[in-house]
Amino acid sequence: MIRFDGVTKQFPDGTTAVDRLDLEIVEGAFTVFVGPSGCGKTTSMRMINRMIAPSSGRIEVDGRDVASVDPVALRRGIGYVIQSAGLLPHRTVVDNVATVPVLTGTSRRQARREAMAVLERVGLDASLATRYPAQLSGGQQQRVGVARALAADPPILLMDEPFSAVDPVVREDLQKEMLRLQADLEKTIVFVTHDIDEAVRLGDRIAVFGTGGVLQQYDTPDRVLSSPATDFVASFVGRDRGYRGLSFRDGSSVPLHPLSTTRAESATEVRLEPSEWVLVVDEADRPRGWMDVTGLEGVRAGHSIDESTAAGGSLFPEGGDLRQALDAAISSPSGIGVAVRRDGSVLGGIDATEVLAVLAAQRGTEASERSRAFTESGPAAG
Amino acid sequence: MRWLVDNFDTVLDLTGTHLYLSLLPLLIGLVIAVPVGSIIRASRWARRLTLVVASIAFTIPSLALFVTVPLIAGLRILDPLNVVIALTVYSTALLIRAVPEALDSVPPDVVDAATAMGFGRFRRTVTVELPLALPVLTAGVRVVAVTNISLVSVGSVIGIGGLGQLFTQGYQRNFPDQILAGIIAIVVLALFFDAALYLVGRLLTPWTRTRRSGGSRVVTERSAAGEPT
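Each protein sequence line maps, in turn, to chains A and B.
Residue numbering for the first sequence follows the numbering used here, beginning at 1 and increasing consecutively.
Residue numbering for the second sequence follows the numbering used here, beginning at 383 and increasing consecutively.
For reference, chain B alone in the conformation it holds in the complex (with noise of 0.2 Å):
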């Protein structure tokens, strides 16, 4: 503990770096999965064949990935490009799966009705699809963040930068104490992103907090919806 005290400006900097290139690939990825995956959702074949091209590149071994990308990108080993890129791959194979499972979460007659309202459908998308599935989304925008900052530091072992290099410097000093304050630098931060996103989700969605008061009557209604048609 007494070492994360003493260098605490340093491990402050490599939080800032650590958080560049977990949270820049996500961002990327939900620029990508969110159109993509609206639109698959539409074909049957479209999305199996998604799902099984996300489902090989998250089988990847990161470390194999980081290596290749700089290969096929003709990029420098070093460059941190190299990791967003991969991350980003990560990212979007998750997200694109997440997004159709999200709006697939949306209520049928919901989409029903506003389609009988006169909802184009892009308007009908963007303004009551995707706010309904905001909270499912959130629960695999959550996974995706978290995978990321634990990932990110597998790209210390390639010399990038992040909270990854406590492990390699204070495994070649054998020096437990710095290997100990990067286990908990990055949980703290993993700890307080995935906090941070469930309360952003909370944000977003104020009409899942409303229940009235009645729970009674809540339960004779329900049971009178549920009489055959």
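The shape of chain A in the complex, shown without the other chains (with noise of 0.2 Å):
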């Protein structure tokens, strides 16, 4: 467990970048500091392993003060990610993730085997592992920092908006990987992001922080959105914090409605009225894209098929949440939202108004179970 007790720090030129921070993070729990820049979450992280020391107040690692602790020592038992991953130019990616057990002793030939387990635990290819750092794309990299962060099997993990640098498709990937590390590893992680998308995403617990480094709000991620301590971060979460709220919502109840879907060669036998849409899938059933009349007369004309569809929308995957439903619907060019199985065949249509029914009967169950919950408490609290 990590624990702040009335942490402050000034730089000399007298901003306060931390302010009086109280703050316990919850051993083996996915914790995200969030906020704008300048806000003091990157200055809060970076005390844990004292690559900053704080004016005032103590920060325990475990119980011990981290100013009574050799840095050099603690630092080698937390693992460290930051962006664009911090490798080390000169040196392959696998010695680059067999940095820290050569630091603490162990034998260069044995890290490196080590090392190559670590890297295909976060999905690298062995082929990887002779290149220097500058021959791998930024996704590449990025998972290179997070296996040397892992090397060494550190307890805790702080990460510096590591995933900040990478195109947004690179960092949804990685997200996802880190969630089925997380999942596996039950690390203590320390996340640093500007992005709430990102902080709601992956965190178990969300630490708001607002300019001046104030400590806003300390929650779950659904708290944070639903119920905002402050206007600070009511503002900081933004004006979709209603829609980002449905994330949390199940969505297996969104009823699925038949779609009329068509394989590409038989596309041209299709009969579409003026402001009819048809589902273009591919030979395992998977969409391709969406058809409208003027599309399939381009077809007939001799167009491809990719030419005559509109990209489809994003897609609702079985078990998903309802604003995946919500987006499907509303991002398909028909309106109709596309469900898909987990081996991404059609499943089935969504339609955005049933998906806002749902949310609106999960809120009914909610209220009558909080009202029944007050009334059952009421009389035995008086």
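One or more hints might be untrue.
Some, not all, of what chain B presents toward chain A, calculated at C-beta under 10 Å [what the hints assert, rightly or not]:
1. T397
2. P489
3. A495
4. A496
5. T497
6. M499
7. G500
8. R503
9. R505
10. P513
11. L514
12. L516
13. G541
14. P588
15. T590
16. T592
Every beta carbon over 12 Å from chain B, so not counted as near; a handful from chain A, in silico [stated by the list, open to error]:
17. G28
18. Y218
19. R271
20. E276
21. T294
22. R300
23. A310
24. A311
Quick caveat, the hints were computed from the structure, so don't treat them as lab data.
Note that the structure is predicted; figures quoted are calculated from it, not measured.
All residues carry an ideal CB built from backbone N, CA and C; glycine is no exception.
Please assemble the complex out of the two chains, which come individually in their own frames, going by the hints.
Printed below as a string of structure tokens:
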């Protein structure tokens, strides 16, 4: 467990980066520090491994004041990942991953062997091991960064905006990978980001920092979205917070309707009314795109299917949440969201108004549960 | 040219002396400047003081230094050690500025990450910062090597061996061929060493030659990396 006790950090120029921070980070939890630039989230994180010394207050790791621990030994026991990975450019991938075990005295040969296993765990091919970091893509470098932090199997992992320098598609992959790893490893993770979406997706607990380094709220993601503690948090989580909050609601009760689909090769045989759409699927029944009358005429005139279909919207995976369901419906050109099975094949269609009806029903149930809890506990408390 | 061909053995002999007199000070300079340069980097005033002292040392005319070193060091005026000492002063003066500058070229986030992983200061300097400083440091070493090779020839004025003797003798005998031979030999030597050090620098830094294929991908990732944090 990591504990901040009245921690303040003032820089020599007089700015207060962190202001009287009290915070307990639960062991084995994925804790995200989120906030705008200059709110002290990175400074707070870097005080845990003594990269920055607090002006006042104390920080404990497993009950020990970090100020009393040798900084080099302390850091070797805490994994660290930063933006653009911070890999050593002059060492190969495998040697980068083996860095901390070698520092702590493991033989190079043994450390390399272990490093290969860690590379595999983060989803990197063994053939990349002998490359230099500059020969990898941004996403691959970031995976190596995570592998390096995990190599010595530290109980704590500090991650400073590790995924903000990669493109959104790669970022999402890395986020999923991180959640998968965490489910296995159950490390105590402190993750810094300025992206509230990333915070909500990854965190078990979110600490929202405000300007001047003041902690605004420390809570679970759905609580931060549904009941922001301060105006600052409300404005930081943004106008979309209602929409984001949908991602904590189960979407399994959203009704699915049969969809009119066609294979690409039989597309010319389709008959469509002017405002009708048909979903074109591939040989494995996976969606390829939506086609309307204009597209159909294009196909008949000899254009390819890809030219004649509008790109599909986002997909609602089986067992997904309400946010995915609603987004699938409103991002689809036909207005009908596409639900897919785990193998990617089409399961059915989603109607946006029905998603909202499910939301209303869930809220109704919650309200009646709350009032029942109130009446039950009322007399006892009185 | 005729003279150069006829007296090739003599020229080769002088070249050996010349090399010894110019490269030994470079080596001594490196042995002094790498540790000292790494240490003074941490303190701003130590760095500034070193800079001032090094600049003054480098402004002393070489001939004046060749003449005063024997007086200070108590050596015979014709001792080749005088040239070695004088050139060591110049080499160190140049390198003690080049080493901190080369270390400055190491990306700060790499140094920061190394520290956060648990490198102690000494280990970080030796195994992370100095290797990454090599490309810039090699450039500095090449300048010093070429400077030394040309400065050794000045030593012949006070009677020290080396290719500069071809100048003094050719001038005394009014024999341009010998002077020309000296110029050619020194230029070839300087060019050869410059190229050799460049190659050594490349061999020591294999990671700088690795560019992955697919340039367009790099561009998109760079632009993505540019978003504000």
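TODO: Any hints from earlier that this structure breaks? Give me their numbers in increasing order, please.
DONE: Violated hints (numbers, rising): 1 and 13; every other hint is consistent with the structure.
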